[in-house]
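S.K.: Listed below are the residues making up each chain.
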Amino acid sequence: GQQLNQSPQSMFIQEGEDVSMNCTSSSIFNTWLWYKQDPGEGPVLLIALYKAGELTSNGRLTAQFGITRKDSFLNISASIPSDVGIYFCAGLNYGGSQGNLIFGKGTKLSVKP
Amino acid sequence: DGGITQSPKYLFRKEGQNVTLSCEQNLNHDAMYWYRQDPGQGLRLIYYSQIVNDFQKGDIAEGYSVSREKKESFPLTVTSAQKNPTAFYLCASSIDSWRYGYTFGSGTRLTVV
Chain W
16 GQQLNQSPQS MFIQEGEDVS MNCTSSSIFN TWLWYKQDPG EGPVLLIALY KAGELTSNGR
76 LTAQFGITRK DSFLNISASI PSDVGIYFCA GLNYGGSQGN LIFGKGTKLS VKP
Chain D
1033 DGGITQSPKY LFRKEGQNVT LSCEQNLNHD AMYWYRQDPG QGLRLIYYSQ IVNDFQKGDI
1093 AEGYSVSREK KESFPLTVTS AQKNPTAFYL CASSIDSWRY GYTFGSGTRL TVV
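Protein sequences appear in the order of chains W and D.
Position one of the first sequence corresponds to residue 16 (my numbering), numbered consecutively onward.
Position one of the second sequence corresponds to residue 1033 (my numbering), numbered consecutively onward.
Chain W on its own, in the form it takes in the complex (with noise of 0.2 Å):
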């Protein structure tokens, strides 16, 4: 099946800093979307793309669909200590997925105080 490489796999930075992360897939998507879950909780949506080159904020977040439309990247800008959690793409295209979201295997971020 399809698949989106999500990296990197786990972060570990201080709080303050600034972070960044990105989805690969080897296929074109019409939709890029950003989940966040929090430990123990379901992932909730952080951020939905449907253009190539559209920039999006959502507070401290900033996403990007790339131009490509093979690739999206999430930054989270002076990350604070509620930011800690599993970091979700994940993307939709007319091609073969019928409607359903294939998901990258994640970013697990940790934040230091």
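Hints are computed from structural coordinates only; laboratory data are not their basis.
Hints should not be assumed to be uniformly reliable.
Stated by the list, open to error - With a Cα cut of at most 20 Å, we get these calculated SDA-like pairs of lysine to any residue:
1) W:Lys85 with D:Trp1130
2) D:Lys1089 with W:Gly114
3) W:Lys120 with D:Ile1092
4) W:Lys123 with D:Pro1071
5) W:Lys120 with D:Asp1070
6) W:Lys120 with D:Gly1090
7) D:Lys1041 with D:Thr1052
8) W:Lys123 with D:Asp1070
9) D:Lys1041 with W:Val59
10) D:Lys1041 with W:Gly100
11) W:Lys123 with D:Gln1073
12) W:Lys120 with D:Pro1071
13) W:Lys123 with D:Ser1138
14) D:Lys1041 with W:Pro54
15) D:Lys1041 with W:Gly55
16) W:Lys120 with D:Asp1091
17) D:Lys1041 with W:Asp53
18) W:Lys123 with D:Gly1072
19) W:Lys120 with D:Ser1138
20) W:Lys120 with D:Ala1093
21) W:Lys123 with D:Phe1120
22) W:Lys66 with W:Lys85
23) D:Lys1089 with W:Gln18
24) W:Lys120 with D:Thr1118
25) W:Lys120 with D:Arg1141
Position chain D relative to chain W; hints supplied.
M.R.: Coordinates of chain D only, in the frame set by chain W:
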């Protein structure tokens, strides 16, 4: 408030017993999904249903069964045939995954001893 409810939050069962996980939504979403999450494995699709009385196998359906008799409900049964059932199970629903992605429940942690 509309949402998606999974119950119970924690479930313990003896090996060899079937167990059913509940998922209910009052969002009027047509599509519902079940995922399994293991550490470092990301989200793996078990079953999905796009409409009442119809469902499809996902990537890891063996040892699981579902039903979709009502739009609001999509219970998952973990059978004794599932070789390694201990995991965190997530239910999700969507009205238009292309625009809004999925809404997730808060998960059920199943431990089989």
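S.K.: Hey, Lys120 of chain W versus Ile1092 of chain D, does the alpha-carbon distance stay inside 20 Å?
M.R.: Status holds; Cα separation ~16 Å.
S.K.: For the pair we were handed, Lys1041 of chain D and Thr1052 of chain D, check the Cα-Cα distance against 20 Å.
M.R.: holds, 13 Å
S.K.: Measure nothing beyond the straight line between the CA atoms of Lys120 of chain W and Asp1091 of chain D; if it is 20 Å or shorter, mark the hint as holding.
M.R.: Holds: Lys120 of chain W and Asp1091 of chain D sit about 15 Å apart, inside 20 Å.
S.K.: Does Lys120 of chain W pair with Thr1118 of chain D here, judged by a C-alpha cut-off of 20 Å?
M.R.: holds, 19 Å
S.K.: Holds or violated: Lys1041 of chain D and Gly55 of chain W, Cα atoms, limit 20 Å.
M.R.: With a Cα-Cα distance of about 9 Å, the restraint between Lys1041 of chain D and Gly55 of chain W holds, given a limit of 20 Å.
S.K.: Has the given pair, Lys66 of chain W with Lys85 of chain W, been kept, meaning a C-alpha gap of at most 20 Å?
M.R.: Holds, at roughly 12 Å.
S.K.: Keeping to a limit of 20 Å between CA atoms, is the pair of Lys85 of chain W and Trp1130 of chain D held or broken?
M.R.: OK: Lys85 of chain W and Trp1130 of chain D at ~16 Å, within 20 Å.
S.K.: Is it true that the CA of Lys120 of chain W sits at most 20 Å from the CA of Ser1138 of chain D?
M.R.: holds, 18 Å
S.K.: Does Gly114 of chain W sit within 20 Å of Lys1089 of chain D, going by the straight-line distance between their CA atoms?
M.R.: Roughly 14 Å between the alpha carbons, so the hint for Lys1089 of chain D and Gly114 of chain W holds.
S.K.: Could you grab the alpha-carbon distance between Lys120 of chain W and Pro1071 of chain D and see if it respects the 20 Å cut-off?
M.R.: holds, 10 Å
S.K.: What's the verdict on Lys123 of chain W and Asp1070 of chain D, does the C-alpha distance respect the 20 Å limit or exceed it?
M.R.: Measuring from Cα to Cα gives roughly 13 Å; hence the hint holds.
S.K.: Does Lys123 of chain W pair with Gln1073 of chain D here, judged by a C-alpha cut-off of 20 Å?
M.R.: Holds - the C-alpha atoms of Gln1073 of chain D and Lys123 of chain W are around 12 Å apart, at most 20 Å.
Hint check: no violations occur; every hint is consistent with the structure.
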